[in-house]
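K.L.:
Required output: the full structure, derived from the provided sequences and hints.
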Amino acid sequence: MPKKENRFFSTVPAAFSLLYGIILFCILGILCGQGPKEKHYAALSPIANDVLFVFAVIGIAALLWLRSRTGEGRMGLWKMRALFVGVLAVQLLVARSCWYKMGWDISVVYTTAEELARGTALSNPTYFELCPNNAPLTILQAIPMWVAVKIGLAEPFVVLPYIDAVLLNLSAYFAVRCVQTITPSKAAQWFALIVSIGWIALSPYILYPYTDVFSILFPVLALYVYLNVKQPALKWFLVSLLCFFGASIKPTGLIFMIALVILGVCRFLAARDVTWKTALCIIAAVIIGMLPGKIWQDQTIAYLAGSPTPEGQLSETHYLMLGMNGETFGGHSPDDVTFSQSFATLSERRSANIARAWERLTERSLFENVKFFSIKAYKAYADGSFASHSSFLELEVPKRTDKLSTFLRSLYYKRGSLMPACQAIAQWLWLMILALCAFTVLRQYEKPVVALLALTLLGATAYLLLFEVWPRYLFLYAPFFVILASLALDKPLILQKK
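Residue numbers 1 to 498, in the working numbering, belong to the letters of the sequence shown in order.
If you are wondering where the hints come from, they were derived from the structure by calculation, not from laboratory data. Please note that a few of the clues may not be correct.
Dumping the calculated DSS-like pairs for lysine-lysine here, alpha-carbon to alpha-carbon at most 27 Å [stated by the list, open to error]: (1) 230 x 447; (2) 403 x 414; (3) 294 x 230; (4) 186 x 79; (5) 37 x 491; (6) 399 x 414; (7) 414 x 447; (8) 447 x 235; (9) 399 x 150; (10) 186 x 150.
Here are the in silico distance ranges between beta carbons for each label pair [unchecked claim]: (11) 280 x 154: 52 to 58 Å; (12) 280 x 367: 45 to 51 Å; (13) 411 x 71: 34 to 40 Å; (14) 22 x 345: 41 to 47 Å; (15) 48 x 70: 30 to 36 Å; (16) 400 x 278: 56 to 62 Å; (17) 70 x 123: 52 to 58 Å; (18) 123 x 154: 16 to 22 Å; (19) 367 x 402: 41 to 47 Å; (20) 343 x 147: 40 to 46 Å.
Yeah, the Cβ is synthetic: ideal placement off N, Cα and C, and Gly gets one too.
P.N.:
See the structure below:
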């Protein structure tokens, strides 16, 4: 005898969708009233958000008009694959013409990777005791750089932007494939195709071989697997494998897995179609799937830091304390680093970090906390290019003299003559995507896939509100924003019936 459906847990996923829709409208209001907040983060777009939002509304109206005049069906798969191969050729050309070396933490990663590849002594051996989270990426980059050294490349670093190109290309491709799986709307599929190519595949992040790009493929590939693999245990094993390996490079990649688990538990408690036997098989699949990524993470950290849990690390509680900093509004603070390093053991440091984070939160009034978190939300969502020109310091910039390289550098370099125009387009597109996402979750909040996307992005937003905040931390989920925005172009049921 089937169990009676639990109405409360049946409505929880839809509630998450509605909540994220409301938050998106609040964020759009914050972005359009950006004036007082620009001192906390200034995007490089030369046009104000309120002006760009007017054009975003016009763009959305045009898209909805086109939606009513397009049919259904899937675009040719092989033609699309050939298109992405052509896009990859352009990406590789951009990487060849515009690559340069950048500073801050990213330089420690690629420098250490090259030292490992060459078998030389490490120039910064204590870095990974402080920041062990970058150890998996460093070992991962050392592998292609070792190949580059063996084949005699004068500059092994150049292989990393080429890998960036491949990863961004695949991420854009699977974003489109997810949209094709979810909806037959040609308007939605073409929107996803064009935006994924222009906004993700050809993003300036093609030049930055850091955690954001090296992990971006895993969540969207996990979503594709979740949508297309039918056997539950195999599906959850593959999703867990992808999410935990991606999280070893960038921990926020695990947010998608957490969202899946929350919605899976709600589905089980709602007693719809999941038996205890299926639930236990899924739990076992998730545990088995997480092991390779966890082992990889622990072993790479132990190799570079001497222990899988270094006593000298700042740890996640440091970034929670940093996230509550009312002076930097979640930005980097040398004083907070000094505070954390003043404690000898990791347990003492974590306790002190949590205590200070709670103290900072509670010493502010309700109004002050509303202002504080609204500024953090602004910083998280302020930049449609995800701070691609603000996250890293330019160091060594090779300059080719041919006309094509000069033109591409004018688009991709911070001081390029055409860069402001590119930033304005990215910001306009970002505002339009956010509005379309809000439209999707408020119109289709009952759809399971919409709830999954909304809860994932809600989790990413909550993470940035609580911990250190920077626009590039959202880039990992750029494909999810594209997918969710594309679903706004799915025809309403009334039109579909006609």
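K.L.:
Look at each hint and say if it fits the structure.
P.N.:
Here's how the hints hold up against the structure:
no., hint, result
1, 230 x 447, "holds, 18 Å"
2, 403 x 414, "holds, 18 Å"
3, 294 x 230, "holds, 26 Å"
4, 186 x 79, "holds, 15 Å"
5, 37 x 491, "violated, 37 Å"
6, 399 x 414, "holds, 14 Å"
7, 414 x 447, "violated, 41 Å"
8, 447 x 235, "holds, 20 Å"
9, 399 x 150, "holds, 25 Å"
10, 186 x 150, "violated, 47 Å"
11, 280 x 154: 52 to 58 Å, "holds, 55 Å"
12, 280 x 367: 45 to 51 Å, "holds, 48 Å"
13, 411 x 71: 34 to 40 Å, "holds, 35 Å"
14, 22 x 345: 41 to 47 Å, "holds, 43 Å"
15, 48 x 70: 30 to 36 Å, "holds, 33 Å"
16, 400 x 278: 56 to 62 Å, "holds, 57 Å"
17, 70 x 123: 52 to 58 Å, "holds, 56 Å"
18, 123 x 154: 16 to 22 Å, "holds, 20 Å"
19, 367 x 402: 41 to 47 Å, "violated, 57 Å"
20, 343 x 147: 40 to 46 Å, "holds, 41 Å"
Taken one by one, the earlier hints fail for this structure at numbers 5, 7, 10 and 19, listed in ascending order.
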